[in-house]
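Novice: Chains as they are written, first to last, in the working numbering: chain G, 1 to 267; chain W, 1001 to 1319.
Take the hints with a grain of salt, since some may be wrong.
[Claimed, not checked] Keeping only pairs whose Cα atoms sit at most 27 Å apart, straight-line, the calculated DSS-like set for lysine-lysine is:
{"no.": "1", "chain 1": "G", "residue 1": "K249", "chain 2": "W", "residue 2": "K1317"}
{"no.": "2", "chain 1": "G", "residue 1": "K265", "chain 2": "W", "residue 2": "K1317"}
{"no.": "3", "chain 1": "W", "residue 1": "K1214", "chain 2": "G", "residue 2": "K20"}
{"no.": "4", "chain 1": "G", "residue 1": "K22", "chain 2": "G", "residue 2": "K4"}
{"no.": "5", "chain 1": "G", "residue 1": "K4", "chain 2": "G", "residue 2": "K52"}
{"no.": "6", "chain 1": "G", "residue 1": "K211", "chain 2": "G", "residue 2": "K157"}
{"no.": "7", "chain 1": "G", "residue 1": "K147", "chain 2": "W", "residue 2": "K1287"}
{"no.": "8", "chain 1": "G", "residue 1": "K4", "chain 2": "W", "residue 2": "K1214"}
{"no.": "9", "chain 1": "W", "residue 1": "K1214", "chain 2": "G", "residue 2": "K158"}
{"no.": "10", "chain 1": "W", "residue 1": "K1317", "chain 2": "W", "residue 2": "K1287"}
{"no.": "11", "chain 1": "G", "residue 1": "K265", "chain 2": "W", "residue 2": "K1280"}
{"no.": "12", "chain 1": "G", "residue 1": "K4", "chain 2": "G", "residue 2": "K249"}
{"no.": "13", "chain 1": "G", "residue 1": "K214", "chain 2": "G", "residue 2": "K36"}
{"no.": "14", "chain 1": "G", "residue 1": "K169", "chain 2": "G", "residue 2": "K36"}
{"no.": "15", "chain 1": "G", "residue 1": "K249", "chain 2": "G", "residue 2": "K265"}
{"no.": "16", "chain 1": "G", "residue 1": "K265", "chain 2": "W", "residue 2": "K1287"}
{"no.": "17", "chain 1": "W", "residue 1": "K1017", "chain 2": "G", "residue 2": "K22"}
{"no.": "18", "chain 1": "W", "residue 1": "K1317", "chain 2": "G", "residue 2": "K147"}
{"no.": "19", "chain 1": "G", "residue 1": "K157", "chain 2": "G", "residue 2": "K4"}
{"no.": "20", "chain 1": "W", "residue 1": "K1214", "chain 2": "G", "residue 2": "K249"}
{"no.": "21", "chain 1": "W", "residue 1": "K1287", "chain 2": "W", "residue 2": "K1214"}
{"no.": "22", "chain 1": "G", "residue 1": "K20", "chain 2": "W", "residue 2": "K1280"}
{"no.": "23", "chain 1": "G", "residue 1": "K213", "chain 2": "G", "residue 2": "K52"}
{"no.": "24", "chain 1": "G", "residue 1": "K157", "chain 2": "W", "residue 2": "K1214"}
{"no.": "25", "chain 1": "G", "residue 1": "K147", "chain 2": "G", "residue 2": "K265"}
{"no.": "26", "chain 1": "G", "residue 1": "K211", "chain 2": "G", "residue 2": "K52"}
{"no.": "27", "chain 1": "G", "residue 1": "K147", "chain 2": "G", "residue 2": "K158"}
{"no.": "28", "chain 1": "G", "residue 1": "K54", "chain 2": "G", "residue 2": "K147"}
{"no.": "29", "chain 1": "W", "residue 1": "K1280", "chain 2": "G", "residue 2": "K249"}
{"no.": "30", "chain 1": "W", "residue 1": "K1277", "chain 2": "G", "residue 2": "K265"}
{"no.": "31", "chain 1": "G", "residue 1": "K158", "chain 2": "G", "residue 2": "K249"}
{"no.": "32", "chain 1": "G", "residue 1": "K20", "chain 2": "G", "residue 2": "K52"}
{"no.": "33", "chain 1": "G", "residue 1": "K147", "chain 2": "G", "residue 2": "K52"}
{"no.": "34", "chain 1": "G", "residue 1": "K200", "chain 2": "W", "residue 2": "K1214"}
{"no.": "35", "chain 1": "G", "residue 1": "K157", "chain 2": "G", "residue 2": "K169"}
{"no.": "36", "chain 1": "G", "residue 1": "K215", "chain 2": "G", "residue 2": "K4"}
{"no.": "37", "chain 1": "G", "residue 1": "K249", "chain 2": "G", "residue 2": "K52"}
{"no.": "38", "chain 1": "W", "residue 1": "K1194", "chain 2": "G", "residue 2": "K249"}
If you are wondering where the hints come from, they were derived from the structure by calculation, not from laboratory data.
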Amino acid sequence: MPLKLLVTVKRVEDPESRIKAKPDGSGIVTDGVNYKMNPFDEIAVEEALRLKEKHGGEVVVASLGGAAAMTELRAALAMGADRGLLVRHDGALDPGIVSALLQALVAAERPDLVMLGKQAIDDDQNQAGQMLAARLGWPQATFASKKESLESEAEQKKQPGVAVAADGKRALVVREVDGGVETLEVALPAVVTVDLRLNKPRFASLPGIMKAKKKEVREIPAASLGVELAPSVVVRRLLDPPRRQAGVKVADVAELWTRLHAEAKVL
Amino acid sequence: MSNVLVIAEQSRGTLRKATLSALTAAREVARRTGGGVSALVLGSGAGAAAEELAAHGVPVRLADAPVLAHPLAEAHAPVVAEAARAAGASWVVTAATSYGKDLLPRAAVALGAAVATEVLAIAGDGGEILLRRPMWAGNVIAEVELRTAVKAFSVRPTEFAPAARAPGGSVTPMAVAVDAASLGTRFVELQEVKSERPELTDARVVVAGGRGTKGDFGPLSALADDLGAAVGASRAAVDAGWVPNDWQVGQTGKVVAPDLYVAAGISGAIQHVAGMKGAKVIVAINKDADAPIFQIADYGLVADLFQAVPALRERLKAG
Ligand SMILES: Cc1cc2nc3c(=O)[nH]c(=O)nc-3n(C[C@@H](O)[C@H](O)[C@H](O)COP(=O)(O)OP(=O)(O)OC[C@H]3O[C@@H](n4cnc5c(N)ncnc54)[C@H](O)[C@@H]3O)c2cc1C
Ligand SMILES: Cc1cc2nc3c(=O)[nH]c(=O)nc-3n(C[C@H](O)[C@H](O)[C@H](O)COP(=O)(O)OP(=O)(O)OC[C@H]3O[C@@H](n4cnc5c(N)ncnc54)[C@H](O)[C@@H]3O)c2cc1C
């Protein structure tokens, strides 16, 4: 059975960038900061593409935000997604609003699976997928991973980690949980959020990038979706965390032991 | 009412220690709002965990039913919502474990609650409660306000001391109305990582390795066993399949705050540091004198870990 897959793509600060709070606490210093697709969302896009390669179907990518998010949508289209949706909103969002806007997209697109990153690496909230599943009354499988390592043969063969049954009615999802690895079976349609070890995302090829420019991206004003857009998680100010000071370099193992034993008293 | 409900976490009747940190955070909220604290234990055969939690001076609702045997968010969330209403709770608190993070946002939707994840501290004056939580891998701490009538948050266990035992607790059973046939989620299996070592998040000492181990965790494991320590790892080591995913420390793994953290063959990427910078003493062993880990280590040793770690074990034995 062909699958319709809806994948979310958030524009976030590059994890390699140095992030710090502005002195007045009103935001972060954005000078010299680069932006890219949330790394977890890259993994969600990759997984959806592998599912499509196996089962057939369509991969629709969606982003919520300002016009700049078009860059990340194009990046997902260049990886191979079929078309994009950009829900335009220039103000602050929170996971509750994100999930409500996504619910409206789901109502229009009717996907079999919605795939999101488990967390966005800017806000690190880890909520949007669970809230979306709750709103839809769908099963959820969060923190999707797989048992095979990222160096395994299954990964080299680009097999999907999420195992969708041939009839398209159910999927087995392996999850990373405290204390081990859990497997759940979910009835479709369902919401899956992905963890880091589900797959290694592909790089976009040059022809992929060229093709992406011609793929359809529909812009939808957030205000047209009938969702209350006032955030209920409000960031009042940002602070710098306490910084650790660099300590000393010790000459050898003997000195290390003495310091830990006599000075720090931890051994 | 501004009562606070704590969602407990248990497995086969054993209460998870992180719940006691959530209880401490819940009491801090209640002290400010003037409300009462109660707790909810969900599971099947979870009575012993409920008794254990009650022994910390808190009234416990026990939702015990076969349909709750596995920690499925779809089954547990409606029970949480019902218990929160019954308790007149305007705050719902749990530990930021994989169970808590999976469950809380789903339950929050039923309660119309906004959620803050991984709360580190509770701030604000008078009636106003602000929650401090990390963003951008802990590079920034945000002070957030939740504007919904019912509010929810998960607690980073290392930031709140576990509640102590106290009298005055009780256990009251609660009827469970979840219909197993209505669930779209089915538990298949749990492959547990079994270990004789202490839990990573509870251990007094953590010995962690990264890509620099080249896949050989032998020396680090031996040192960990000498010290009664847990073993941790960087994402690079876990991704390579060298060690279980459960060992990952960092932004997207476990957050630890031991007395001593030994990082060997780990470069000190910000995402790793996010999970261990709360350690009292950090030791770094790395071949590269310029590795960023040395910027946060209390004691840095520029050395090959395959020589330094066995030598440290020798020195320990000599006493
Ligand atoms: C100027 C500014 C002000 C802000 N103020 C606030 C504020 O006051 N309160 C607040 O809570 N947040 C604020 N935010 C951040 C807000 O926009 C977050 O995107 C929102 O809170 C969602 O949380 P999250 O991304 O951490 O969700 P998570 O639950 O961590 O995200 C999980 C997954 O959801 C999907 N997702 C989330 N957001 C999007 C998106 N926009 N587009 C596509 N997919 C998405 C992604 O797949 C992601 O991997 C602000 C941002 C900006 C730029
Ligand atoms: C979204 C996202 C989330 C992430 N989450 C996490 C997370 O939760 N946890 C995490 O750890 N990482 C996380 N990462 C990855 C992180 O950015 C780093 O890539 C990772 O931590 C590097 O692991 P490492 O230090 O083991 O490897 P490397 O950076 O390759 O460092 C290896 C070190 O070993 C040293 N070395 C080599 N041989 C020896 C020897 N014989 N003796 C001594 N030293 C030696 C080298 O000098 C080097 O410093 C995340 C990344 C992203 C993008």
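Novice: Work down the list of hints and note, for each, if the structure agrees.
Specialist: Hint-by-hint comparison with the structure:
no. : hint              : in the structure
1   : G:K249 - W:K1317  : holds, 23 Å
2   : G:K265 - W:K1317  : holds, 16 Å
3   : W:K1214 - G:K20   : violated, 33 Å
4   : G:K22 - G:K4      : violated, 42 Å
5   : G:K4 - G:K52      : holds, 8 Å
6   : G:K211 - G:K157   : holds, 24 Å
7   : G:K147 - W:K1287  : violated, 32 Å
8   : G:K4 - W:K1214    : violated, 41 Å
9   : W:K1214 - G:K158  : holds, 25 Å
10  : W:K1317 - W:K1287 : holds, 24 Å
11  : G:K265 - W:K1280  : holds, 11 Å
12  : G:K4 - G:K249     : violated, 56 Å
13  : G:K214 - G:K36    : holds, 21 Å
14  : G:K169 - G:K36    : violated, 34 Å
15  : G:K249 - G:K265   : holds, 17 Å
16  : G:K265 - W:K1287  : holds, 25 Å
17  : W:K1017 - G:K22   : violated, 37 Å
18  : W:K1317 - G:K147  : violated, 38 Å
19  : G:K157 - G:K4     : holds, 22 Å
20  : W:K1214 - G:K249  : holds, 24 Å
21  : W:K1287 - W:K1214 : holds, 13 Å
22  : G:K20 - W:K1280   : holds, 23 Å
23  : G:K213 - G:K52    : holds, 21 Å
24  : G:K157 - W:K1214  : holds, 24 Å
25  : G:K147 - G:K265   : violated, 41 Å
26  : G:K211 - G:K52    : holds, 18 Å
27  : G:K147 - G:K158   : holds, 14 Å
28  : G:K54 - G:K147    : holds, 19 Å
29  : W:K1280 - G:K249  : holds, 17 Å
30  : W:K1277 - G:K265  : holds, 19 Å
31  : G:K158 - G:K249   : violated, 44 Å
32  : G:K20 - G:K52     : violated, 40 Å
33  : G:K147 - G:K52    : holds, 21 Å
34  : G:K200 - W:K1214  : holds, 20 Å
35  : G:K157 - G:K169   : holds, 24 Å
36  : G:K215 - G:K4     : holds, 17 Å
37  : G:K249 - G:K52    : violated, 53 Å
38  : W:K1194 - G:K249  : violated, 36 Å
The structure fails hints 3, 4, 7, 8, 12, 14, 17, 18, 25, 31, 32, 37 and 38 (numbered hints given earlier, in ascending order).
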